[in-house]
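Chemist: Chains as they are written, first to last, in the working numbering: chain Z, 1 to 371; chain X, 1001 to 1371; chain L, 2001 to 2371.
Keep in mind the hints are simulated off the structure, nothing from the lab.
Heads up, some of the hints might be wrong.
As the list claims (entries may be wrong) - DEER-style ranges, computed between Cβ atoms: (1) Z:P327 to L:E2350: 45 to 55 Å; (2) Z:R43 to L:Q2048: 53 to 63 Å; (3) Z:Q48 to L:K2328: 55 to 65 Å; (4) X:Q1127 to Z:Q71: 55 to 65 Å; (5) Z:V334 to X:Q1338: 15 to 25 Å; (6) Z:P327 to L:K2328: 43 to 53 Å; (7) X:T1294 to Z:P327: 19 to 29 Å; (8) Z:T312 to X:A1104: 21 to 31 Å.
Even glycine gets a Cβ: it sits at the ideal position worked out from N, Cα and C.
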Amino acid sequence: MTSEGLPDQAILPKVDDRGIPLSDIASWLGTELQGDGSTLILRLNTLQDAGVGELAFLANKSYRSQLATTQASALILSPADAENFDGNALIHANPYVCYARVTALFDAAPRPAAGVHATAVIDASAQIAPSASVGPHVVIGARVTIGERVRIGAGSSIGDDSAVGDDTNIAANVSIYHGVSIGKQGTVHSGSVLGADGFGFANEAGQWVKIHQLGGVEIGDRVEIGSCTTIDRGALGNTVIEDGVILDNHVQIAHNVRLGENTAMAAYSGIAGSTTVGKNCIFAGQAGAVGHVTICDNVQAMARCTLSKSVTEPGSYSSGLLMSETPKWRKNAVRFGQLNDMALRLKKLEVFVDEKLDESLSDAKREANKE
Amino acid sequence: MTSEGLPDQAILPKVDDRGIPLSDIASWLGTELQGDGSTLILRLNTLQDAGVGELAFLANKSYRSQLATTQASALILSPADAENFDGNALIHANPYVCYARVTALFDAAPRPAAGVHATAVIDASAQIAPSASVGPHVVIGARVTIGERVRIGAGSSIGDDSAVGDDTNIAANVSIYHGVSIGKQGTVHSGSVLGADGFGFANEAGQWVKIHQLGGVEIGDRVEIGSCTTIDRGALGNTVIEDGVILDNHVQIAHNVRLGENTAMAAYSGIAGSTTVGKNCIFAGQAGAVGHVTICDNVQAMARCTLSKSVTEPGSYSSGLLMSETPKWRKNAVRFGQLNDMALRLKKLEVFVDEKLDESLSDAKREANKE
Amino acid sequence: MTSEGLPDQAILPKVDDRGIPLSDIASWLGTELQGDGSTLILRLNTLQDAGVGELAFLANKSYRSQLATTQASALILSPADAENFDGNALIHANPYVCYARVTALFDAAPRPAAGVHATAVIDASAQIAPSASVGPHVVIGARVTIGERVRIGAGSSIGDDSAVGDDTNIAANVSIYHGVSIGKQGTVHSGSVLGADGFGFANEAGQWVKIHQLGGVEIGDRVEIGSCTTIDRGALGNTVIEDGVILDNHVQIAHNVRLGENTAMAAYSGIAGSTTVGKNCIFAGQAGAVGHVTICDNVQAMARCTLSKSVTEPGSYSSGLLMSETPKWRKNAVRFGQLNDMALRLKKLEVFVDEKLDESLSDAKREANKE
């Protein structure tokens, strides 16, 4: 199952009240089937909790012992695990990826019908594909283009000259400003704001003079944007999110940032202005990067780590502290304020022991030897 | 005043332009009254700033000296403090709790009339209690149930198969997805998002494959949710917020988290996926817990503390650093990068002093004694 | 160009498809012009990227070498730099401030026409200036006043007794509760929430009793509020944001905070309840202050710094750690947990070396001398 040979997301096999035969799932996925293909699957569940009519998966070796006891009607297994399992199975080199694909079949999220709701306010110059669904109270500005099968949830607003590509799903109460381009097959969750002004001001004798933000936002294909996430428009030129990027909730992307393909950012992670982040980077919760730096591909910033300068070597970076009981922590935290002093004292002691002490000892020996 | 004997929140005594007699407040609360019950109370205020027509409270001993000088028309006092005060007073074992209850009488927040606004878009299969108030431009999906006296603010959206319990207050521009159940007497402030997809993806050769989030969200009774707070739906099974939980603004609850009863989380605190948090825990600002761990009851995570593993002992936990002037901080922060090295050097020095030095001194003595 | 002699923001010279003559910009700004005033300017751009029809600026000396190679049609330069430049230039003592002002001319953000959209729901008692623009699906409560030339974006909601001053711009999907007053010439970006309840609860035997938040929010003139930012209403009395404050995205201002004039707060920075912050302070990303403290004027809190007590001296404050490679970081982070122990051991070693060692050496010498 390569990128070239993906199951067709547009034509999902239907799961009705009786479930779906395991063989239908296998043929849609293009995976090998072991056991009884007529087994009806109603739901997905964990290996431990799954029962009759449920499909589970084994992706983490530490749960392998549950293979003997699971009550699931079928499993998603690696070829090696399948050899040691007698029951029904879908066999896939990467069971976790296979599980991810199968979730699409069991997603009960409402699929609104195509068409524009009577309460939506659409500028006459906007172009909306006939297969798109535009929900109640949506507002769409001048010259906006909305692609095929796009869904726009209730109360969302899209500013002039913006565009949403085919199959992208905009949830309710999303705010998209003017001049924001979103690619295909993306998702934007509720409460997120794309294209608000970057935080740019010049200081004149203490007062802030606003720098109007003249750029826009360009978002690639297959980009997932969580809820309450903000991507600011560029000051001059665009803020750019490349294909395949995934952003969790409460993420902040400042003006003129560029995020490379397939980079992932967890909740509260943020990138300050004009920073370029490479491909396949991972930012854990509350991690981030300062402005005007360049982060190379394949960097992982651990929780609460600030990438405070450019990073040229792939790998994992950290800052922050480990937790401890507060009374113990307090003693150590106070000592942090003395750390430079401690370092200087340690050095002094080493010098003293190395030199002065040797000398003293020599003196002592000399004295001793004198006799 | 126990949980069993609460003042009736549904039937609040009315405060008109002349105020409300102190005795009416006392009888509603069921508290003892000292002084003139006909005193009219117009407002609440602090002990220091209160004047004529105002009711204040003493909850913090360090303000006790203000009892002699306060201009308040009446006070809420503990029995002990009331003995030393000649003026009008409501006497309560816990004056701060008593003050909290009295605030309900003076809340000027608009109480919209029952009924569904003409601009709201309600699915025909939704069940809305006659006493509920549904504001302008609200959108309510299929099979949604809305309880008695519920208020739903302008522009909020509630997805299919969700439910809101009696007396819960949903503010304006709240986004509630499908399959989200909210209990009674709760509050959800503006900009919050309940039931958006959890952040789940499988990585296949660098590309992220979305794991559709098939679970929902279950929220108990008396839960307060601040503004711009996000609670994601479960991947398999539900994300669960138990009764009495209070969440501040910008809180993030990831998929399949369970928050125990009466746990409180301050702004920007977050819990990563599949973590279970016990009852009566407190997370200070920007505190949090990593995913897939279990936090026992009665844990306090101080500001910016990450609970980075399971916690089995109640108590207070910290990480993070104390503030200092930046030039001083910089020196110490640089030394942090040398801390392991310092520890090794310290150990070496100790060993040297303990052993080698003893030996050298002995040698010196031996040499000396040889003579 | 002093505060007294600002260019008139209300009457911007028009930039048409052919651009705007440089001399028109110069006269609007009141700056000195060098070179050909008839040069048409279509856009702004960076010194490095600007080409024909584009105006650039030099504010940072490190780019001065680009003066020789820039293809821009005109530059904004300091008097000193203008002397060494042959081309067209606007000459200004502070080129960055001058650039900031000029951005207003090139801002393509839509300017909706005056008037109230047919789908907006306006209480009969609200007063809306004729020059204001109220967008689709906006909801405005009782006794609200909306000033001249105010713009209110689609889906925003303004509660009873609130007010928006002249020339303030409220974007789409902003939630403003009752009793919130916003001054003139401000901006509130999408997803932000002004006047939600402060996070106030009294604890009674483990259960949280809500403290109704009876105060409001007062916001001065020229205040910029980013997206997904929250400013809570006061418990008693108001939360106050003074003139000229600028707040980025995801900022949290708790109840009864006062922010002094021209203070700036970057993304995720937050101030806990009842804290007073002085004028011209700067909070970097994820910086903040604890509750019930006072921060003097001209304080800078660096990224992730918590001002954990009152600050009485202007200057820069920090906490947090520098980044390092994770394996190296882990070793140092573990040592942090031993820091107090290390400090005690270091002290012991110093004492030993100072005293006991001296003594031992003396003993050794004495022994030696005895012979």
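Chemist: None of the hints should be skipped; say for each whether it holds.
Modeler: Tested hints:
{"no.": "1", "hint": "Z:P327 to L:E2350: 45 to 55 Å", "in the structure": "26 Å, violated"}
{"no.": "2", "hint": "Z:R43 to L:Q2048: 53 to 63 Å", "in the structure": "57 Å, holds"}
{"no.": "3", "hint": "Z:Q48 to L:K2328: 55 to 65 Å", "in the structure": "38 Å, violated"}
{"no.": "4", "hint": "X:Q1127 to Z:Q71: 55 to 65 Å", "in the structure": "36 Å, violated"}
{"no.": "5", "hint": "Z:V334 to X:Q1338: 15 to 25 Å", "in the structure": "19 Å, holds"}
{"no.": "6", "hint": "Z:P327 to L:K2328: 43 to 53 Å", "in the structure": "28 Å, violated"}
{"no.": "7", "hint": "X:T1294 to Z:P327: 19 to 29 Å", "in the structure": "23 Å, holds"}
{"no.": "8", "hint": "Z:T312 to X:A1104: 21 to 31 Å", "in the structure": "59 Å, violated"}
Checked against the numbered hints listed earlier, the structure breaks hints 1, 3, 4, 6 and 8; every other hint is satisfied.
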